[in-house]
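K.L.:
Kindly generate the complete structure, drawing on both the sequences and the hints.
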Amino acid sequence: MTDLSQALAPARPRLAGRLKLALCIFALMAAVPPLAHALGEPFLIVVATRMMVFAIAALSLDLILGYGAMVSFGHAAYLGFGAYAVAVLSRAGIDDLFLHLLAGIAASAVFAALTGAISLRTRGVYFIMITLAFGQMAFFFFVSFSTLGGDDGVALTARSTVLGMPLLQGAQGMFYVTLALLVLVFAGLYRLTLSRFGRVLTGTRESALRMQAIGFRPFPYQLTAYVIAGCLCSIAGVLLANQAIYVSPAYMSWHRSGEMIVMLVLGGIGSLTGAMVGGLVTIALEEGLARYSEHWRLGFGLILVLVALFSPGGLSGLLRRLGLGRDAT
Amino acid sequence: MFNLFLLQLLNGAQFGILLFLVAAGLTLVFGIMDFINLAHGVLYMVGGYVMAMMMGATNNFWLSLAMVLPLTLAVGLVLEVLVFRRLYDRSHLDQVLATFGLVLVLSELVRIIWGSAPLSVAMPEILSGSVPLAGPVRYPVYRLGVIGVGLGVALALWFVIARTRVGMLLRAGAANRSMVSALGTDINRLFMLVFAAGAMLAGFAGAIVSPILSVDPGMGDSILILTFVVIVIGGVGSVKGAFCAALLAGIVDTLGRMFGPIILKSIMDPAAAAQAGRTIAPMLVYVLMAAVLFWRPAGLFGRSVAR
Amino acid sequence: MRLLALSTALTLSFVSGALAEDPVKIGVLLTLSGPPAVLGEHARDGVLLAEKALGGKIGGREAEIIVVDDEGKPDIAAQKARELVEGQGVDFVIGPIFSNIMTAIAAPVTQGGAILVSPNAGPSNFAGKDCNADIFVVSYQNDQMPQVLAEHMNKQGIANVYLLAPNYQAGQDSLNGFKAVYKGDVAGELFVPLGQLDFSAELAQIAASQPAAVYAFMPGGMGVNLVKQWGQAGLSSIPLMSAFTVDETTLPAEQDAALDMLTGSNWAPDLDTPGNADFVASFKQDYGRVPSLYAMGGYDSLMLIDSAVKAAGTEDREALRAALKAADFPSLRGEFAFSTNNFPVQDFYLTKAIKDDEGNYRTSVVEKVFTAAADSYVGECPMK
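Chains as they are written, first to last, in our numbering: chain U, 1 to 329; chain H, 330 to 636; chain G, 637 to 1020.
To be clear, the hints were calculated from the coordinates, so they are not data collected in a lab.
Here are the simulated DSBU-like cross-link-like pairs (lysine-lysine), alpha carbons at most 35 Å apart as the crow flies:
(1) G:Lys815 / G:Lys1020
(2) G:Lys946 / G:Lys693
(3) H:Lys594 / G:Lys815
(4) G:Lys693 / G:Lys920
(5) G:Lys791 / G:Lys815
(6) G:Lys946 / G:Lys1020
(7) G:Lys819 / H:Lys594
(8) G:Lys815 / G:Lys765
(9) G:Lys1004 / G:Lys688
(10) H:Lys594 / G:Lys791
(11) G:Lys765 / G:Lys819
(12) G:Lys765 / H:Lys594
Between beta-carbon pairs, the in silico distance windows are:
(13) U:Ser146 / G:Lys991: 38 to 44 Å
(14) U:Ala31 / G:Gly949: 36 to 42 Å
(15) G:Asp896 / H:Trp624: 51 to 57 Å
(16) G:Asp896 / H:Ala463: 27 to 33 Å
(17) H:Ala463 / U:Leu99: 54 to 60 Å
(18) H:Phe623 / G:Lys920: 55 to 61 Å
(19) G:Thr909 / H:Gly444: 29 to 35 Å
(20) H:Ala463 / G:Ser918: 52 to 58 Å
Residues of chain G clear of chain H, computed beta-carbon distances all greater than 12 Å:
(21) Glu698
(22) Asn790
(23) Ala947
By construction, the Cβ of each residue, glycine as well, lies at the ideal position given by its N, Cα and C atoms.
P.N.:
Right, dumping it as structure tokens:
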């Protein structure tokens, strides 16, 4: 065990800088609502909420993709489980946010454990595709689930309540609850990736064979990470349903899974802050560019191509090379 | 009933052949160059649009089809030089990011140039009829033509790969890239060739379906994911695998859609059967893929798990 | 770190865009990308043509029209609708094309304080139990177009029919509406996934069952492919009657393959009503194509809003609702009124695809089938 911590020791000083960057992001986000009101643009709060929801989703994917080298192409399924947990429970008259979260997490844990156990038999691109297969199965299940609107989705009557209080009703309440959950998810993942578990996971990413040689079976670690990532992503799903007041199978289509990978790679994998930046920036770009032109995808696509060609390591790699926040990632 | 079954089998095979034409190029690019190209579906779309454009200019089906080949080859070469060449040594994830961006750019360019309304391509008179198959059931000549062309392309590919020097280098390159390079073959030129040929095949597939399906900016998206399913079921890099998997996927999808509800009706009440049929049918291809990967984690004809 | 702060600030101001002033603001939320984009383009051009006809003013006031693409995806549409209503502060939203999108945007639009005017989609739930004082459907209720054909088939004595529709709300509405009026036997019924383009397997099933006729509902690109593949599969001997499958949005691609096919509609370019000929001529001149019923719906939607704003302004919500309900505008369809559920009472026609003297493919009125028809869900609507 000491071997391992020594091997990973050089990573230590980086971490503090990473934490600083995250704290700055949180502080900036917390300032959005007053800023938006000052600018007379309260809708910015809604946009920023959406940005943070996808930051949570990207963070959860980073645990398996960035730290565990498991490229899941079906991660949007968990977004759907969270969203449908809200739809199903609120239809049954249960409005509490915590129960919605719990249901979403439980459903995701079961699905992730079952499909993860099978998917982890494969490697590399086969893993990508088998996770896609399971994601598509979940997608088609909800598409034909006609009591919940099927393909058309289902409109919610109201947002979840927090301990009986309609805390999420206003844009501001929704925003701060989302921010709080973003901070929690980040902090949890930060601790997790520094723990023994996190270091073993990182070890399997670098070389599964070597980890086996020093006595770790990668499978239980990988599966646990896979389940945790699914559960965390369902939190984003619960928030997404509440934010849109609408639930649709489109949340779990392969396009979404692909977008989540793109967000993560755009931000930079394996640092948590990169994932967060990726989620925030992608949604901000989409929303921002769409206001200026019907053909916004052209600009967005060009940005992605340019980042991929000229900035390995995504946006956080770019920041690092610019010398800004050398300690940032 | 049996006639109908045969007819649907033929429909499935035709769909499968189409998938194969798109998948063949992708599996080579993926298997030999170890390159994940999400923009492959867009090349299929570009083939359709080039065909529609040439038809508008010449009004001659065969001439247009002949022009599609060099033009899509050229598009492939330009993309290779501008973008793909710089990504060969990078991680799969960087490739995903770049090619995803490329999908957005090319689709949007197509919309700007040709608009988003679907375009249609007229079918050559000689192939536009249908032949009697059994009783009142008939089969379109053009679709028989598609099956024939697909089989021809499969044979030609097999010949190139198994019997020619280029094919030998391709097989060697797939097995050990650096060794081929060390033995004095210009691996970069080989890659360029493979990539451009893959683009041409995808463009050709887009062109030959244009008279049956309409040409629209979303056509590449819908086929891309099925193409990946096909090459993974077949085993990445294996053209033979792609061929078998494409036929399998096409037939399973078509038969499942049509006969699934009928079979279910015999074991449950009709309304529930119709509902269940609609639920299960679109999943079948993915269930097939998950099952194949469960038993053979590297696909039907895959070489190694470590890829 | 400073760079990050700066870029966040930039992003935020970038996202915020333009600020609201006083003019009447109208959001236009339509499907403008993907295979069915052409339907949205027609509706958008109809709205813009009406704006031009009104001299850029709505109800005599300055107007701002903001066109947004819902991408054909309900989740995107819900997001865009909120942005229009809460972000841009629009007074009205004209949209959508597709019924599943209506489900997604109804709450964000009406709860956000705007009025939704649908130029096309008319799902059954909004005509019945979910009817809403802030939702006005200018087009029709989804069931009605198929019922035109069902009535026609009854008259023709067609004994059995095969039904084909995409598997989503409007598709189900369409087949249910058809079956409610049709008196013969249903030979079979197939739902295909929305967006499916290859119908070879479905056509084989139909060929094997040899029905007396087929009724299909296949909007946009799906319709183009169905019609093209119909003849290729050797089914020309079976009459294909359809709603939203053969119209001016799809005919340019279907061309001769669709000639003489029958459709139900509430309008056609050659409908003899005041102002219709002028509308068709100026649409052709400005946009280079024959307008469809989607274009007509867009045009009528803005004209309705204009009449209501002129009569009641936008401040007093109750007065505005009453003015909208009065429907005191010159519809291209001639006689037009709203039922208690804010869905129209209007005439319906059997139409046919033709190639006119100028070489344009378009639809043409064959005969009037229903006169001053309301939909069948009015009774379920609690509004009076």
